[in-house]
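From just these sequences and the hints, can you work out the full model?
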Amino acid sequence: MLSELIDETEIQAPAAKVWEIYGTVEFGNFLLHHVPHVVQKIEFLEGNGGEGTLLYVTFAPGLGGVRYKEKFTKVDNENRIKIAEMVEGGYLDLGFTLYRFRFEIIEKNEESCIVKSSVQYELKEEAASNASLATVQPLKEVAQAVNNYFLNKSTA
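Quick note on numbering: the UniProt record's numbering labels position 72 of the sequence shown as 72, and the sequence is numbered without any gaps.
No lab work stands behind these hints, which were simulated from the structure alone. Don't take every hint at face value.
[Stated by the list, open to error] Straight-line Cα separation of at most 27 angstroms, DSS-like style, residue types lysine-lysine; simulated pairs: (1) Lys124 <-> Lys69; (2) Lys69 <-> Lys116; (3) Lys41 <-> Lys108; (4) Lys108 <-> Lys17; (5) Lys74 <-> Lys116.
[To be verified] Here are the simulated distance ranges between beta carbons: (6) Ser3 <-> Leu151: 24 to 34 angstroms; (7) Asn152 <-> Met1: 24 to 34 angstroms; (8) Arg67 <-> Lys108: 29 to 39 angstroms.
The beta carbon of each residue, even a glycine, is placed where N, CA and C say it ideally should be.
Rendered as structure tokens:
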């Protein structure tokens, strides 16, 4: 059964500007520089940031230092939606059969937008006790860092 955790964070910046971070290869650099307590390392294995891009990601030690391969399965620039899935390692080694990150940038007005972040996952029945490992909190922290980035940029 597919389960989903969702967070919506308002960002004080135009949706197009926020998508320039989330929707491009620069997202990895942003994570490393602005939320090192979430992501420790990102290695590009193939691709240029579009669909099919394959990464090797290492969560920060505070998140268990989990390492996994991630594939971008959807990058929709028109609708500002990005979907990535763990394809090897990480939570897949702990009984998850699916662990998917989804970001959608929703225009609110000319000056702000909503980042809708979600984690979708499925677990093997025998690993049901690992459901508590699934969390949207790191994605919420990323959205808050993006908001802080734009707030600091506008006051600089």
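Hints versus structure:
About 20 angstroms separates the Cα atoms of Lys124 and Lys69, which keeps this hinted pair within 27 angstroms; it holds. Our distance criterion of 27 angstroms between C-alpha atoms is met by Lys69 and Lys116, whose separation comes to about 23 angstroms. Between the alpha carbons of Lys41 and Lys108 the distance comes to roughly 32 angstroms, so the proposed pair goes past 27 angstroms and is violated. Distance restraint check for Lys108 and Lys17: the Cα-Cα separation of roughly 13 angstroms lies within the 27 angstroms cut-off, and the hinted pair is therefore satisfied.
Taking the CA atoms of Lys74 and Lys116, the gap is near 15 angstroms; set against the 27 angstroms cutoff, the hint holds. Taken as a hint, the range 24 to 34 angstroms holds for the pair Ser3 and Leu151, whose Cβ atoms sit roughly 33 angstroms apart. A C-beta distance of roughly 41 angstroms is found between Asn152 and Met1, which places it outside the suggested range of 24 to 34 angstroms. Taking the beta carbon of each, Arg67 and Lys108 are about 36 angstroms apart, inside 29 to 39 angstroms as hinted.
Against the hints set out earlier in the document, violations occur for numbers 3, 7.
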